[in-house]
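Q: These are the residues of each chain, in order.
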Amino acid sequence: MPYLIVHEDKCIGCRTCEMVCSLSHEGVVNPDLSRIHVLGYKGEKFPIMCLQCEDAPCELVCPMEAIHMQGGIRIVDDEKCIRCKMCTLVCPIGGVLYDYINHQMIRCDLCGGDPQCVKYCPMNVIELVPDDAVPEARKRGVRILYGEAD
Amino acid sequence: MFGYAGKILFVDLSTRLIKTIPTDKYAADFLGGRGIATKIAYDLIPPDADALDPENVLVMMTGPLTGVAPSSSRIDIVSLSPVTNLLGGSSAGGDFGAALKFAGYDGIVITGRSKEPTCIRIIDDEVTFHDAEACWEYDVYDTVDCVKKLGREDVQVACIGKAGANLVKTAGISFSKRNLAARGGLGAVMGSKNLKAIAVAGTKGVKVRDTKRLMEVNFEIQKRIRESPAFKKYENWHANIALSLLKARRPYFGDYEEDYWEEAEEAVRNAKRFFEEMATLRPNSCFSCPLRCWAWVEYKDEEAPMVACQGTFPAILFILKIKDPELAWKVYLRLQREGMDIMGTAAVIAYASRLGLVKLGTEDILWLIDEIVNREGPGNVLAEGVKRASEHFGVPAVYVKGGMESWSSDVRPFRGVALAGAVSESGSISRAIHGFPASSYYTKPEKAKKVAREIVGDESAAEPTNYKGKAKLVAYFENEHIIADSLGVCDTPMLSIPLELWAEAFTAATGIEMSPEKLHFYAEKIRTLERMFNVRRGVNREEDTLSPRLFESVIRSGPWKGVKLDREKFERMKDEYYKLRGWDERGIPTEETLRKYELEW
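Sequences listed follow chains V and L, in order. Take the first sequence: its position 40, counted from the start at 1, is 40 in our numbering, and no numbers get skipped. Remember, our numbering sits 150 above the position in the second sequence when you count from 1.
Derived by calculation from the structure, the hints in this document are not laboratory data.
Dumping the calculated SDA-like pairs for lysine to any residue here, alpha-carbon to alpha-carbon at most 25 Å:
(1) K373/L to N124/V
(2) K729/L to R717/L
(3) K80/V to H103/V
(4) K357/L to D32/V
(5) K746/L to R731/L
(6) K354/L to Y98/V
(7) K10/V to S24/V
(8) K373/L to G112/V
(9) K299/L to G43/V
(10) K119/V to R359/L
(11) K746/L to N629/L
(12) K382/L to E8/V
(13) K42/V to Y291/L
(14) K599/L to L393/L
(15) K357/L to V28/V
(16) K354/L to I101/V
(17) K357/L to H103/V
(18) K594/L to F381/L
(19) K42/V to A454/L
(20) K10/V to N390/L
(21) K10/V to A389/L
(22) K373/L to V6/V
(23) K42/V to A351/L
(24) K299/L to F46/V
(25) K85/V to A351/L
(26) K668/L to I605/L
(27) K362/L to N124/V
(28) K714/L to E407/L
(29) K119/V to E370/L
(30) K42/V to K383/L
(31) K383/L to L651/L
(32) K298/L to G94/V
(33) K382/L to E427/L
(34) K42/V to D304/L
(35) K119/V to K139/V
(36) K157/L to D99/V
(37) K383/L to D9/V
(38) K373/L to G113/V
Take these sequences, add in the hints, and give me the full structure.
A: So this is what it looks like as structure tokens:
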């Protein structure tokens, strides 16, 4: 199962990912409908999206049991969902969003295996890695943080 | 409408009336951005108005590509300039333009004058006024923080600092904390309207005609930007830009001194060390742009975002002759916080040194900046800009069209730059000469010659001191800049990508067929309208000139030793330029030209 990994030290905050995410999913450019968001404080910028947690709080809290894993991607069953938005409250990183135009819960669906943000990010901040490579990628982040870059 | 947000917001500050009109009314005739802004300014500003009158109109327009294509984050601001009292224009990047479009507006038109200091807040359809009495004298940083406390944290802010509030003629409009629509004193226009800030946040988004095609074109454009050799250099641009300007033999020193500043190289080396070793930089970009031309710079306890590509820091080094990078950093912080045009203010301070009011390269500069911002002592006169100050003190100064302070290049050896400075409607050379082959003649000779060969058909046109072919180059690059400003694309990446791709992006976004030829036709039309705006205000051949000192002085030392600007040959370049534009020998568009572009007085 692939995951998205963020190399936050490389991000330049251009929000191209927000632009292409909303374009490819909704056919409009609207960062508020993008499933990926660039957060930042002063010069530090990095993107945030659903990271497909193992014991996902959103899945646990859902009163309708509408959220489940399907082929490595956590999806919301629109029929069951009552739009209570509890999942947005418990998500530790703000990866679950509410689409206030089409009135549904949205989140990163890895674009069915070919994430557009990975393709368009000019600095290669976002990377799609198989799950057994995740620890290695995270360790790299820590190494850079403490000045031990390779 | 696709690509466009669809409507333009009109705010009358005198009556606090708000209305919107459909962008459709202008889009087919004037493209967007600078084109539509110029048309609105032409229609609404009375020919006899003064820049600081309530009758003046401040137009901020985004283009059809703003927010939907790579490197497209620009917003263009057009108004009557208080510096030149002619058409003034400046543009800025950042996230404001995109946010405005996502809120559902292609532009904002501000008319009238508010009785009390005010701030406009736009959240989608909700437009509200807020009292700005308490923050009227705040600097840009404090204003942005203050406006964000009104509610949504994610608003983008366009505001003025204390300089704009005090109607200082070198004040610009600051977009959030970093991007500045610097030239033309537009901050003073905002100040004269008692408007401190505009905050905008939007959740509506922009519809596009052909999603798939737009994504493909976007990918292609972005790929070309990332594969260009310059892309890698942008990471160290802050450290190297001063050096590359020096190598290109472009800077001038002090108040256009005839003698070369021998310590320039040392100053450049110090600045390089400052960015590479002393300060920490975090590269950043404007909305949708891969270039990362600005960085968050931290040094000791102070920090500021700094845009490298426009050469604001080199202007401080060269014009103010500062060898100590720490002092240059302090000057930068002060000017940035007050929201002032760095090149313009530096030129004013350099002129003050000619009068003996300040010694360049010393801490006194900081004192003089405060005097100008607060309009105290000699600062009150200097705040009026270089031309009016020179009339007051009776000591000749250096300026380009209408009294606008010069841009980073020395005008005398660069004939094309001199011509652009004289014929440009806003006096702002930066709206014409980016990409000019003469600017890079000594750093990338092959590329410069190639550009000259393609446009003029003659390699020697790339040589800076050659008068030949310069009129055609100026006309061509003016067109390219108008296209960039009207589409909402930043001119740095735009010029290195074939125009076909931008035309295709336009077609995919709006569904309207577009070609490079058609874009150039639009540019010529917009250029003619800009000219008409100024002709209506009494501009003709005589006003298309530079300050007399530029023709009289001869450069005595340095790489340009012995070079002077010849008035006769300069006038001949003007003739050539007028002909290319379809204007008569007085510089007035002919009846035939007006018919061609379907324009009316």
